[in-house]
Structures are given as C-alpha cells and as structure tokens.
Amino acid sequence: MPMRILYVEDDPRSAAAVGEILAASGDVLVWEENGSAALLRAGMEPFDVIILDRMLGDIDGLTITRRLREGGIGTPILMLSALGRSSDRADGLDGGADDYLAKPFEPEELVARLRALHRRATGREHSAVIIYGAFECHLKARTAFRENRHLALSPKEFELFRYFMENAGEVVTREMLLRHVWKMDFDPQTNVVDVNIGRLRRKLEDGFDRPALETILGSGYRLLDGRR
Amino acid sequence: MIEARRSIFSRLVAGAIVLSLVLLAGLWWLTHQTVSSTLQEAARAEVDVDLAGLADIYATGGTAELQARIADRIALTPVEGSTSHYLLADDSGRRIAGDLAQWPPLDPAVSESGIITIGTNSRGFARAVQLGPNLRLVVARGIDIEAPVLSSIAMAFAGGGVVFIALVALLGRFAALGLQRRIERINLAFREPQDGAGLAAAGRIDGDEIDELTAHSGAALARVNDLLAAYKDTSEQLAHEIRTPLSHLDNRLVKALAQKPDPAIAEKLAEARSEIRRIVQTLESLLDIAASKANRGDRSGLAPVDLSALVTGICELYAGSAEEAGLALDWTIAPGVTINGDERQLGRLVTNMLDNALKYVPRGGHVAITLEPGPVLVVADDGPGVDPQDRERIFDRFYRGRGKGEQTSGSGLGLALARAIAERHGLTLTLEEPAADGPGGAVFRIAAAK
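Those protein sequence lines, which keep their order, are chains F and A. Letter 137 of the first sequence, counting from 1, is numbered 137 in this note's numbering, and no numbers are missing. Letter 274 of the second sequence, counting from 1, is numbered 1274 in this note's numbering, and no numbers are missing.
Misleading hints may appear alongside valid ones.
EDC-like, lysine to aspartate or glutamate: derived pairs with alpha carbons at most 16 Å apart [what the hints assert, rightly or not]: (1) F:183 with A:1184; (2) F:183 with A:1343; (3) A:1232 with F:91; (4) F:183 with F:214.
Since the hints were derived computationally from the structure, they do not count as laboratory data. Everything numeric in this text was worked out from a predicted model, so none of it was measured.
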C-alpha cells in the first residue's frame, strides 16, 4: 500500500529529488515550501509520515515538530537535514523527531526509513518469526534457518541477519547497518562493514548454490529470497 | 553553594566576633586598671593629708596630743567612704596608740607606702613615717571600696559585651548574606552559562566593587555566549551550504547509475559517490574537532559509558578486517571500566585509533588493544612506528603518514579528531616513546590527564 508523505523543504531541487525517489517507490508525496503552510496542511489532511527539513526559511524543523506534537498530531516525523553531526542528530531526536537522516543520503535508505517509521506507527511490527523466501529468523530463540537448515551465526552475525530480514527485499546501506547493528553514526575508514557482510554471506551461502546477498554498487546490500 | 565552613563570609563573621571579644577584653582590662589606680591615688592623697596634719599636731602638741587626736579619729566613723586606721609605735614596733594590731612591712625611714592587710580580710593603702626618735606612725586607708566598683565594671562589660557580640554577629551575618547572595549570583551565572543573560544588566559600573564585578562577569559571559552562538550558526551554515550542493551532485550520480551504464562507468560513478562521502566526512570531522575543542573541560551533557563493552564491541567489529589485512588483532579488556562521556564520540575515538593501526601496520604485524581501569587504553603495534621528528605532527590536522606504500586514503583528520575527543573527556592521547629494546612500532596511550 503506498504511503502518503508530507515533505516540508524550502529548496525546490531537494524537493524534486525526493519526489522522484518516492515516485519510483510508488508512494505519494505532498510538498510544502514553508513551515506555516505545512503546519496548516498537516492539521487538515492525514499523512503516513512527515519529512521535515531542519533549516527552513520561516519556522525551523524543531519548532514545527514541537507544534505538531502540541497540536496532537502524532504522525511519525523523519528529519532530513544538511546538518549531519552526532550532536545535530541528537538535537533532532531529542526534539521529538522519530528519525534523522542527513543529506546527502542513499535513496534506498530514505525509502527504508520511511517504511520502517510507517510500520512502527501502524503497529505492524515484526512477529517472533520473520520468514522471507527460504530464510527464517526466530527473534526470541535467536536462531536462523535457510531451507530448514540451521545457520550457525555469532550473536553479532545474527543481529546483522535479523536487520536484513526486517528489511527483506530492500536495499540496506552501510550507514544503516552501522547505525542499527553497531550503533555508530559515522563510517569508519576501514572496510569493517564489507568484511562483516562477507563473513555473514559465507555462512548464508555455504552449502547452497544460490546467492543470499546482492551487493548494490555504491550503495549497499540486498537480501535475496535464497530460493532454488 | 559552598559549604558554610569554607565560605569567606562565615569566616569574616567569625573573625569579627573573635576580634570584638579581644577588643572588649582589652577595654575591660584598661578600665579595670584605670579605676583601680584612681581609687588608690585618692587613698594615697587622703593618707598623705592626714599624715601631714598628724605630723603638725606632734610638732606642736607632742606625743600626748597626738595620741588623743588619733583616738578621736578612730572613734569617728565616716558616713560613707573608707575608714582610716592608725598605729603609733616605738622603733621596736610596740603600739603606743592606734587600731592596727601590728606594724606593717613598711620602712618609716624612707616614708615607704604600699598596700597592706588590715585586720583579717581588709586591704588598705598605707604610709609609714618616722615622727621623732623612737616614734613612728603609720596611717592607712581602706580601699575595699575598690572591689565592688571593679566587679560592677566587670559586670557592665560582660552584659554589654554579650549584647555587643550578638549585634556584631547579627549585623555581620546580615551583611554577609547580602554579599553572599550577590557573589552567588555571579557564580550561578558561570555554572549555568546559558542562563547568564541578565547578569550584565544587574551589575552597575557606578556601584560598588561587586556591582562592577557583576557587570564585567555578565559582559564576559554574554560575549562567550555570543561567540558560541556565532560559532554554531557559522558551522551550521557551512555544513548546510556544502552538504546541499553535494547532495544535488550525488543525486545526479544516483540517476546516472539508475540508467544501468556499462560496468566500467558504473564503477567510476560509484567512486565519485564515495568521494562525495569523503568530503562530507572531512567537513564533519573538522567541525567535530572544533566542537570538541570548544567543549574541552565542559563536563555537562556527559553520562556514564561502559568503556569495556564499547571497546570490546569495536574490536569484534574490526577483527575480520584485521584478519583480511593479515594482522593479528588481540584485545585484553578489563571488565567494568566506565567513564563519564559521550558514547558516540568515544566510539569514534576508538575506531579512529584502530583505523590508524590497520592503515599503517603491514601484513604479518600485530595490534594489541589493552583497556585497564583508570581508564587507560593502549593501542600498540609492531609496525614501522613513527619517525622521531613526526611524533607530535601526526596529531596535526591534515598530516598524513606514508602508509604501507599503497595509496594512503583518508582525510588526515583521524588522530587530530581522536585527540580532540580525548581532551574533551579530560583524557590525553599520546604516542609513547618506543622502548630501546622493544619491537618498535607505535604505542598510543589514552589516559586520564594528570
């Protein structure tokens, strides 16, 4: 089901770029150029997710967040900002935003985060077992299977696998993995993510003839369904 | 608030009380001495006048007349004041007339005078004279009146003193409280610099010293706040103005990649995107270094961080990469080592140290990470080490080492940022002197600043 998204952004080029990304993912984007118009519209129409630029001409993103919340509008908010340092992220999240993404960003990451916010808001959280193609991830037992064969994963590898399963079929970027699996909001200079993915890939593919993970050049990885 | 014992104002009030006590005691002693000597002086004058009169009587009337007059005087009881006592005796001290029982220890040959005991418990001033051959006279005057006068003076001082000291303490406390409130206001403004506005308005240059201090403190705080705000604005604008066009550029590359170009071109496009990432990271590192330096020594906003868990997690993250690079990565982490800090920044510090080791230690080398309580974090390797002349320069911004002979990537900001983060947490990051017989290599040590 396509999401209805309100995007508040004073830079038309950024707005157009996000518009294209969301058009490609089949979602509906409503663009507002300034904060006051956005507040008005958010009060009148329902949206699945609101994307806010941090720095706007009239009202800044943090203030809009506060006013929306004070006005009883609980729509999940993703702050999309050119301010990307840890302290900026902390400000945004402390200020009431549900997620924070810095420009420039991977298009896939924006879509994945919007879907995750929407999923959380509508209560369609993952159940105890996630099944995708030939893969199974048992969250409580912390076990993983491919074609009913147990995969011996280390605790960190299981976290990694689980994150792929939660975003099954979608592109997962290095930044997303660092953030969710290793709780880091910066990219180390060493190829730590690639190497850890390489190890997971071997465990997922060992003894099977179909690949499990696809590398998307320049952006990240995608979990394949692993079916024969 | 400073505890009362250490407060300059409590000490001032206590000092004022002690000083008042000493002054009162001194004043009492002075009064006591003056009154006492005045009373004795009066007694001496009376004794001398009496003695002169009696000497005249002896000269004109002889011993018999003198005896009669002494008896008269003894019989006369004064209505008020002190009584006089006499003793007329021969040279052996045998009494001829008078009411004193025995000759006092005074030498009549030199007309000696002094305080004598009269009867059993009375005191008096007396003078002895040699009236004629084998005849001497002593005249004494009681000074017992001294005691009640002096004791009432002491009582007056004690009573007045208590009231005086109480007043000093009360006024001192009142004045000190006023001063303390004004000083505390300045201290509070420095403790919470964000709320320091209004301090400048409260102080007046034409007021007293504290008013002036308040005004200066307020102005200084306002200036610091302005600088911080300007710094924040500038860095935000800088980040915004660079990130936005880079974001547009990145978008074009994404669109080009979406056209499924041939693999060689796709690879170049992906590399261009990585370059954009690197520019953004350099920008952020520079801003982070500046922010860490600006926040040096400021402990606000820091929370306890489990350093043992943090370092272990990062070592595990790097284990695979180290293995692929042909390095033995070992870590020895003492459990439960904590520090007050910013977890993300500390993570950045540790990753930067490991990035650095993995970049410069050649295949077959060893990297050892040790965390001990303190905290002391040591990252040691047996790589080529650092040239002596570069030992401090490696912490400079944009300094790049020679690496493993390969193309050395990176911003040249890793160690500069690591040091800035360490200093922001009250830690020092140093490169240890290599041991003469050691394996060489670089040994970085992060420890609490002395």
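Hint-by-hint comparison with the structure:
no.	hint	result
1	F:183 with A:1184	violated (42 Å)
2	F:183 with A:1343	holds (10 Å)
3	A:1232 with F:91	holds (13 Å)
4	F:183 with F:214	violated (23 Å)
Hints 1 and 4 from the list above are not met by this structure, while the remaining hints are.
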